[in-house]
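Asks: Here is how the chains run, residue by residue.
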Amino acid sequence: MNVNKQFDAIVVGAGPSGNAAAYTMAKAGLKVLQIERGEYPGSKNVQGAILYADALERIIPDFRDDAPLERHIIEQRMWVLDDASFVGSHFRSEDYNKPPYNRYTIIRAQFDKWFSSKVREAGALLICETTVQSLIMDGDKVVGVRCDREAGDVFADVVILADGVNSTLARKAGFHGEVKAGNVALAVKEIHFMPEELIQQRFNIKDDEGVVIEMVGKITDGMMGTGFLYTNKDSITLGIGCMLSDFKHNENKTAPYQLLENMKRHPSIAPLIQGGEMKEYCAHLIPEGGFFAIPKVYGDGWMIVGDSGGFVNAVHREGSNLAMTTGRLAAETVIAAKAASKPLNASTLKAYQKALDESFVMKDLKKYRDMPRVFHENPQFFTTYPELLNKAARTMVTVDNVDKKTKEREIFSSFRTARSFTGLVGDAVKLWRAFR
Amino acid sequence: MSEAKPALKPAGRGRNLELSEELKAYKGVWVFIEHERGHVHSVSWELLGEGRKLADQLGSPLCGVVLGGPDEPLDAFAREAFTFGADHVYIMRDPVLNGYRNEPFTKGLTDLVNKYKPEIVLLGATSQGRDLAGSVATTLLTGLTADCTELAIDPNTRALAATRPTFGGSLLCTIMTLAYRPQMATVRPRVMAMPRADETRVGTTSEDTLGLIETGIVTKLLDFIADANSNRINLPYADVIVSGGKGLKNPDNFKLVFDLARVLGGEVGATRPCVQAGWVEADRQVGQTGKTVRPKLYIAAGISGAIQHRVGMEASDVIVAINTDPNAPIFDFAHYGIVGNAMQVLPALTQAFQAHLAQRVRKVA
Amino acid sequence: MHIVVCIKQVPDSAQIRVHPVTNTIMRQGVPAIVNPYDLFSLEEALRLKDQFGGKVTVLCMGPPQAEEALRKCISFGADDAILVTDRAFAGADTLATSYALASAIRKIGSEQKVDMVFTGKQTIDGDTAQVGPGIAKRLGLQLLTYVSRIVETDLEKGTITVERRGEGGVQVLRTALPCLITMLENTNEMRFASLPMMIHAAACQVRKWNKDDAGIEDVTKIGLKGSPTVVSRVFGPTPRAQKAEMMTVESSSLRDISLNLLQSIFTVHPTLEQDLVDKLSA
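Residue numbers (the working numbering), protein chains in the order written: chain A, 724 to 1159; chain B, 96 to 460; chain C, 44 to 325.
I should point out that these hints are in silico values taken from the structure, not numbers from a laboratory.
Keep in mind that the hints are not guaranteed to be accurate.
Stated by the list, open to error - Derived pair list, reagent style DSS-like, types lysine-lysine, alpha-carbon separation capped at 25 Å:
#	chain 1	residue 1	chain 2	residue 2
1	B	Lys-350	C	Lys-322
2	B	Lys-212	C	Lys-268
3	C	Lys-286	B	Lys-391
4	A	Lys-841	C	Lys-251
5	B	Lys-315	C	Lys-200
6	A	Lys-1065	A	Lys-903
7	A	Lys-767	B	Lys-119
8	C	Lys-268	A	Lys-836
9	B	Lys-122	B	Lys-210
10	A	Lys-976	A	Lys-956
11	C	Lys-268	B	Lys-119
12	C	Lys-264	B	Lys-119
The task is simple: from the sequences and hints, build the whole structure.
Replies: In structure tokens:
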């Protein structure tokens, strides 16, 4: 039984980027083999997450029919936290209640399984519990993969690496160097189960509506990072993450789970999770180096998609949509090349880079390319400014005998004292530059 | 293939939950008395103890059923059964029943049931009991509930309410066989308490014939190879057990469990995951699918206390639990709980017990 | 030689958790696996195939997703896979399950004579060990449970000799084919699937039978209707009324904790102390 015959494409990994690539190619009639290391698709991925409908719609237009979705998001809250307070802005709109909904909360274990079943329905072959140990090279050309099973070599015209942030394959093949601690964030998450009615009451939502809270400030103990809270049907996901390098250099040596514990105790957050039962805990790495950390993502017979290519927009916390989009773009490149009977070498696959550059993926990453560095070099954005902001708000909001002009002066002076005038200007310039 | 007369069911699409008049006439709580080479398995006595309570509630007789060869001491077994509460023992004696085989024993028990119509039949969940129970229940086309941890009579329906763990032991469920008779259940050894023997009790016996000849039986029993007695792990009857779970992190740390067990003169047990991982022999597994134990002292190290394990040891007199997680379920039913690292606590306990007991032994000596 | 192996797809009970609010089983994220006990039986069947040639058919009664479990068996070397799936089977207890599986096996036998049937000793979600004996009874097969070793198979004479675990020892039994065997756990080790086998399993077609394809003659005997046992109540374990006496290693030294514990236990249970002393004196 010679089944090691050629496939058109091998996809390594069954996460969102791998599934997007495999599905798109299989739907177009290509012979695809997908190889997943875990026991089942999603076993290596972590729990509560956000699904960006637009990215998935472009792959599976009718996904809403049977995909397991928790809540559709109608309200986004942005909080800047001090030790016992926060300044926040909310955006909630009835427009988000008009289908088709734009964002959903999902539980990855269920969602990945569903996505994977679609991939198989489309005609791709999926094998699990199989690890790709190395790429098989013919000179500089990738011609297949070697797996950890007997007779483990299998060949294809192109290998798409979708094996996540910790990918060793690309590194082993020399396509890029080690993942630096400064380019990766370590995030921890917990899922707390709560009755549906309680969640709805507490977050001012009904039926399947959902809320997302993004948080920055003192909760990250001076490190560069963010916290978040998502509402699922009968549970909430909350988590916090910071740059791995920051954890290493943190004076207090605060461990990630400790950050999460402190966050849970914050007087603005504790009431939201009260009465919930923590039932799942997990940690994972997120690529956050941004534009400058993206390696070469194509070559002779190979392409990289998703987290293993560093495609994460940390500023807006978008990862899975970039994963799905890069997976789709890679697949479309392969499909076009096959249709034109072109060999899948670097010069043909260059079209993938072009497609990326023209899409929001690279445009956004390029826009925020300085962000990691700016935030990393300016911890005041995570400590001093949240404090100042909160104090300023307190001053203005508190009604006492003080006249408003005095209050304003007080606020300005506090800012100047903390950062000096030049510092303030400098910070503003840095921020503006980083966001530009 | 012999088929019992199936229960009369009302015609209709609905599920049958009504007991027909004919089946209402079934009376009697029966316990299958399992024996091997001259000894009755103590689970049969444990079941008589439990069966006595059920029979009293129902106002029905409690009967034992024993099948065996002509040279086996079946009358002696019957007399012993009386001391444990049986009112009557049905005996079937035949050379073909010498040594357990599925075919003749299934026919024997099935024929007795069809003739004397008991409402409840209990068997031990041993290799013999489970082999036999499944075959008999299928022949009689009736309900069988396995590995019950609790048996009770539902006062409204007079039916047997059999409780057992479900979903791998995460929850308990109560199962009833409402419209079929007899209601069959198996119970693992040591789940029910051993009753006290009342030597003054007597009862009646009756004999029935099997009606099979050896040449008609396909399976032949060629030999019985007894286990070597030395080094037998005797967990179900141990008075002191020290058990280890996955919280011990690696198999080497089981040494600490063995050390403490030795100082206490006890046995070493383990959870299912440890056995599945190959850390210790399968005979050491305590739990729903392992051994049920009733020691005086049970020390659980690095065990979370999932119900699957719990049902195997919760009848212990004193339960001491050691776990790093203060929310571990085991602390819900332990008597004493130590929140800490088992790898540190075990040696400390070993030392403390050793010193204390040595001192007391010296006093005695 | 044609062997049928019955398998079941079960939630991995080691990973099952109970929803703290609704007290139901949280199936999400719990992987479904081939019942581990079934694998010992499957491996034994594959070894017989290696020895005598022939075919191994795996059979499963379950929901559509049980197809995964059958594919896994194909990757190990089974030749054919049949999923008997129909809403009518839902809610079946062991009596109704053995009826359905026996019908399916009869149907399989009508395509190609079946020499042996293997089932797992028990499932990790039901743990009853009743279906194997039930199938054997309905098909008139000789039943051999708790088999620790197949000693000899003689296809010419149509006999098989096995060692069967009993209490305190091992029975040596010989019987005639066709028979039904349930293997004891840890009697063998499942082979690893090669990559070509994995790919073959991913690509192969699993046959799906509804109740008619499976040859069900009497629908009142399957599913909920055909189940004499009724689950009247499901509940979580009750916590003990009296809470445990708790000590934390953080707050006191190990030595103090140990001494406190001994003191507590022996004060409340003086006979226990005496028993331990007696044991050690003996």
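Asks: Take the hints in turn and mark each one as holding or not.
Replies: Evaluated hints:
1. Our distance criterion of 25 Å between C-alpha atoms is met by Lys-350 (chain B) and Lys-322 (chain C), whose separation comes to about 21 Å.
2. In summary, the hint linking Lys-212 (chain B) to Lys-268 (chain C) is supported, as the alpha carbons are separated by about 24 Å, within the 25 Å threshold.
3. Straight-line distance between C-alpha atoms of Lys-286 (chain C) and Lys-391 (chain B) comes to about 19 Å, which keeps the hinted pair within the 25 Å bound.
4. The straight-line distance between the Cα atoms of Lys-841 (chain A) and Lys-251 (chain C) is roughly 19 Å, inside the 25 Å bound, and the hint therefore holds.
5. For the suggested pair Lys-315 (chain B) and Lys-200 (chain C), the alpha carbons sit about 15 Å apart, so the restraint of at most 25 Å is met.
6. Our distance criterion of 25 Å between C-alpha atoms is broken by Lys-1065 (chain A) and Lys-903 (chain A), whose separation comes to about 36 Å.
7. Between the alpha carbons of Lys-767 (chain A) and Lys-119 (chain B) the distance comes to roughly 56 Å, so the proposed pair goes past 25 Å and is violated.
8. Simply put, Lys-268 (chain C) and Lys-836 (chain A) have alpha-carbon atoms about 32 Å apart, too far for the 25 Å limit, and the pair is violated.
9. The straight-line distance between the Cα atoms of Lys-122 (chain B) and Lys-210 (chain B) is roughly 12 Å, inside the 25 Å bound, and the hint therefore holds.
10. Distance restraint check for Lys-976 (chain A) and Lys-956 (chain A): the Cα-Cα separation of roughly 35 Å exceeds the 25 Å cut-off, and the hinted pair is therefore not satisfied.
11. With a C-alpha separation of about 20 Å, the suggested pair Lys-268 (chain C) and Lys-119 (chain B) falls inside the 25 Å cut-off, and the hint holds.
12. As the CA atoms of Lys-264 (chain C) and Lys-119 (chain B) are separated by approximately 22 Å, the hinted pair is consistent with the 25 Å bound.
In the structure shown, a violation is registered for the earlier hints numbered 6, 7, 8, 10, in ascending order.
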